[in-house]
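> Hey, can you work out the whole structure from these sequences and the hints?
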Amino acid sequence: MRVVRLASEIDFDGWRIAARRLRAKGVTPETVIWKVERDLFEAPAPATPSAPAGAFTVPPAFVDLARSVILHRAPDRLPLLYRLLWRLEREPRLIDNPADPDVAKARDMQKAVSRAIHKMHAFVRFRLVETDPETYAAWFEPAHRVTEAAAPFFARRFTTMTWTILTPDACVAWDGETLKVSDGADPAEAPSEDAQEELWRTYYASIFNPARLNEKMMRQEMPKRYWRNLPEARLIPQLIETAQARAAAMVAATPSPAPDRVLKAAMRQARDGSYNSDVPTSLEAVAAGVQLCRRCDLWRDATQGVPGQGAANARLMFVGEQPGDQEDLAGLPFIGPAGQVFDEALSEAGVPRDRTYVTNAVKHFKHEPRGKRRIHKTPGGGEVQACRWWLDHERRLVRPRVIVALGATAANAVMGKATPIGVNRGKALQLPDQTRAVLTYHPSFLLRLPDPDARARARAEFIEDLRLAGELAGLLD
Amino acid sequence: MAVLDLRRKLSILADAAKYDASCASSGGEKRDSVGGKGVGSTEGMGICHAYAPDGRCISLLKILLTNFCIYDCAYCINRVSSNTPRARFTVKEVVDLTLNFYKRNYIEGLFLSSGVIRNGDYTMEEMVRIAKSLRLDHDFRGYIHLKLIPEASPELAAQAGLYADRVSINIELPQDDSLKALAPEKDVGDIKRAMGRMRLAIEDKAEPARKAPRRTFARSQSTQLIVGADAAKDGDILARSASLYGAYRLSRVYYSAFSPIPDSSHRLPSSRPPLLREHRLYQADWLMRFYGFEQPEIIGAGEDLDLSVDPKTGWALRHRDKFPIDINLADRETLLRVPGLGAKAVDRILLARRQTRLTLDDLKRVGAVVKRAKAFVVAEGWTPGMATDGEHLKARLVEPAQLSLF
Chain H
1 MRVVRLASEI DFDGWRIAAR RLRAKGVTPE TVIWKVERDL FEAPAPATPS
51 APAGAFTVPP AFVDLARSVI LHRAPDRLPL LYRLLWRLER EPRLIDNPAD
101 PDVAKARDMQ KAVSRAIHKM HAFVRFRLVE TDPETYAAWF EPAHRVTEAA
151 APFFARRFTT MTWTILTPDA CVAWDGETLK VSDGADPAEA PSEDAQEELW
201 RTYYASIFNP ARLNEKMMRQ EMPKRYWRNL PEARLIPQLI ETAQARAAAM
251 VAATPSPAPD RVLKAAMRQA RDGSYNSDVP TSLEAVAAGV QLCRRCDLWR
301 DATQGVPGQG AANARLMFVG EQPGDQEDLA GLPFIGPAGQ VFDEALSEAG
351 VPRDRTYVTN AVKHFKHEPR GKRRIHKTPG GGEVQACRWW LDHERRLVRP
401 RVIVALGATA ANAVMGKATP IGVNRGKALQ LPDQTRAVLT YHPSFLLRLP
451 DPDARARARA EFIEDLRLAG ELAGLLD
Chain S
1 MAVLDLRRKL SILADAAKYD ASCASSGGEK RDSVGGKGVG STEGMGICHA
51 YAPDGRCISL LKILLTNFCI YDCAYCINRV SSNTPRARFT VKEVVDLTLN
101 FYKRNYIEGL FLSSGVIRNG DYTMEEMVRI AKSLRLDHDF RGYIHLKLIP
151 EASPELAAQA GLYADRVSIN IELPQDDSLK ALAPEKDVGD IKRAMGRMRL
201 AIEDKAEPAR KAPRRTFARS QSTQLIVGAD AAKDGDILAR SASLYGAYRL
251 SRVYYSAFSP IPDSSHRLPS SRPPLLREHR LYQADWLMRF YGFEQPEIIG
301 AGEDLDLSVD PKTGWALRHR DKFPIDINLA DRETLLRVPG LGAKAVDRIL
351 LARRQTRLTL DDLKRVGAVV KRAKAFVVAE GWTPGMATDG EHLKARLVEP
401 AQLSLF
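Residue numbers (the UniProt record's numbering), protein chains in the order written: chain H, 1 to 477; chain S, 1 to 406.
Worth flagging that the hints you see were computed from the coordinates, not collected in a lab.
Be aware that one or more of the hints could be misleading.
What the hints assert, rightly or not - Label-pair ranges, simulated between beta-carbon atoms:
id: 1; chain 1: S; residue 1: 176; chain 2: H; residue 2: 380; range: 18 to 26 angstroms
id: 2; chain 1: S; residue 1: 333; chain 2: H; residue 2: 450; range: 25 to 33 angstroms
id: 3; chain 1: H; residue 1: 64; chain 2: S; residue 2: 297; range: 38 to 46 angstroms
Said to hold, decoys possible - Straight-line alpha carbon distances no greater than 20 angstroms define the calculated SDA-like cross-link-like pairs of lysine to any residue that follow:
id: 4; chain 1: S; residue 1: 205; chain 2: H; residue 2: 337
id: 5; chain 1: S; residue 1: 344; chain 2: H; residue 2: 115
id: 6; chain 1: S; residue 1: 30; chain 2: S; residue 2: 217
id: 7; chain 1: S; residue 1: 132; chain 2: S; residue 2: 38
id: 8; chain 1: S; residue 1: 322; chain 2: S; residue 2: 351
id: 9; chain 1: H; residue 1: 372; chain 2: S; residue 2: 333
id: 10; chain 1: S; residue 1: 344; chain 2: H; residue 2: 110
id: 11; chain 1: H; residue 1: 216; chain 2: S; residue 2: 48
id: 12; chain 1: H; residue 1: 35; chain 2: H; residue 2: 74
id: 13; chain 1: H; residue 1: 372; chain 2: S; residue 2: 286
id: 14; chain 1: S; residue 1: 37; chain 2: H; residue 2: 162
id: 15; chain 1: H; residue 1: 105; chain 2: S; residue 2: 359
id: 16; chain 1: S; residue 1: 371; chain 2: S; residue 2: 328
id: 17; chain 1: H; residue 1: 111; chain 2: S; residue 2: 369
id: 18; chain 1: S; residue 1: 37; chain 2: H; residue 2: 128
id: 19; chain 1: H; residue 1: 372; chain 2: S; residue 2: 132
id: 20; chain 1: H; residue 1: 372; chain 2: S; residue 2: 369
id: 21; chain 1: S; residue 1: 371; chain 2: S; residue 2: 396
id: 22; chain 1: H; residue 1: 377; chain 2: H; residue 2: 295
id: 23; chain 1: H; residue 1: 111; chain 2: S; residue 2: 351
Computed from a predicted structure; not experimentally measured.
The beta carbon of each residue, even a glycine, is placed where N, CA and C say it ideally should be.
Okay, structure coming up:
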């Protein structure tokens, strides 16, 4: 048997040096006894042990694991770590096997340690001990030996304060610039109550909903071992005891009648925002009406109706299919990716967008949720038909000379029947109301073409069609 | 009116805020108070500084600026027609309370909501003043969550985004029709448009911030749906969530079991909050966000979840032909669909099986719930045989402990 002594419970460097020597000498795990004897050494072991002859390498994950596990209070953590180190020689990938019993045990300890750090960050309660300069102190009992490991968090968070955290294992103090570690303290040194604690308890009691009492969950997340240092915890027994009765009283209570003034005001203000089907007499009325429209079901999953936008008496009107994701969020037509293609093509064709009116055949975004996205769905004939009410009024109010239908859905809406783009594009079609129509691709069609040559060809045709429409409308110089 | 002391105000305005389930302080940018004039840090992972006896995390000082309100939403304790005691904080009171609590390490920051007084803009402006004062006057670097008033102007919402880490607007009711019936003055269109604008703003601000040393805009938004106040089925609720996640990239949808409130409206059920149902909805929500399930796979519109088993087990019981799954061969996507295997356990399985063929004992060590998984998996030395198709399988998977939640 070989006895190894460490300078402190969390003396990682001492453990590392000793373990390295032991393994180099081939000392098997079963024959080592690990002991901690504080004050055995005058000075702590050198912080960065130099690599002795015959050094070997271990995965960095093991070093991280060991640094954390050594903070665990279980006495068998030291032999466990040495056993892992020993096994690493033959099983270099051991650490990456979470199903191995030794690794699983070490990982559990690591988890307990990191939980203890987290709980220390959560449950330390500072008390004001001096007002000028503002100085705070806390007494805390961590589940594992994590005081030093948890301290930098407080330094980052309370950099501008002066504070001390006292624990039985060690004390840490921050003066605004450096973190000082000293020996553990006695509970008698704990600071006395802070005036804010009464307010904090008021908050704690008020935020609790007695109708949702769940003691088990509370104990799981805030184990009883922490309660004695939490100022709010003294309320717990009473809150639990009265919860059932309070909840039952709420359930049983009959609602009291509303104050008179409220009832009167409600009657005065009762308003009905339901959709009314009056014929809109302005584009503003169209925009407002689209928001309330219930002619089909698309409004349910959409953010808003997206009315047309542009010059009120434009000579050229563009009709797209329906708003997309971005248009639905912003409430404006043709601002997403297809809108960019459209804008670029328009400017190449020499057509000023601000002198045109841009709208869609369908005013709400039809889509389907897919994971965290919304996937576009082509509106059906019924939806196009329902929404023609709005398109027709836009046509009537704007009175354009030329209407450009972008894509098949728009062609259907503008022509009143399914009209293929391929054979009809590139020419001016006469509409019954004396306006002329130009059918062309939808800009998103250009985005979807995979073959670059085909895309370039389609784009050229698209610009050509826009130019034709601009010319017919007299918008080209 | 009598002047209320701070403690009384706090008790009224915290009580009024407790029906909001959200208390998360996660997802903020990483920052600390080094080199600053004030206090505060956020390090990505939120911290729960205490737990109330309802088991819920207390991370933020969650209060209302005021519980006076001009609206009459039936489910809300603060509706104008309720006879609840009223109070209102001053801007300075909220700022001081936040800083005093923060310096004592009681909280991660502030979650400020409010009843609507005078109008949406006036209320929102007061709330923004508080956040602005904390950030600019006190260089506070902790977490701030602001509730947006949907009908407030877009400029004010954008200002809120400037000082908050997260913003949220509660839709509250899963169905538009019930919103209209129970919250007559709320306009679902206002709410959706405000969420839409906020998503665009968050995404817009995210671009340059990658290079900038300090991020200066909110990172995320969330919402809450009340469960059990109207007739919506679980399928309807989840469909609404799926639609909200897709449309507004919400970081969370919170589900809040409708809880009896003092002086509740006669239009609502007066009963215990459906906590188990709320729990199942959260599980289903997780399946959509982290386990690759689409909402219609979990539950159809107009249907309710089976409360006796978790929704993943429910799905597996309905699709027994897809099981058993060989845990030593199946890909990640398939493993995620096995009852009893969480995302972490799945990742560990993938890691471990590079070195070894996993047994049921190994499964336990990687953190799986073997009791639930074993009828659905093949492992080294284990096949479920006829168990996968057994008619009593479901009975064995029902969790009696869970059912004691009322």
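> Looking back at the hints listed earlier, which ones does the structure fail to meet?
Numbers 8, 19 and 20, in rising order.
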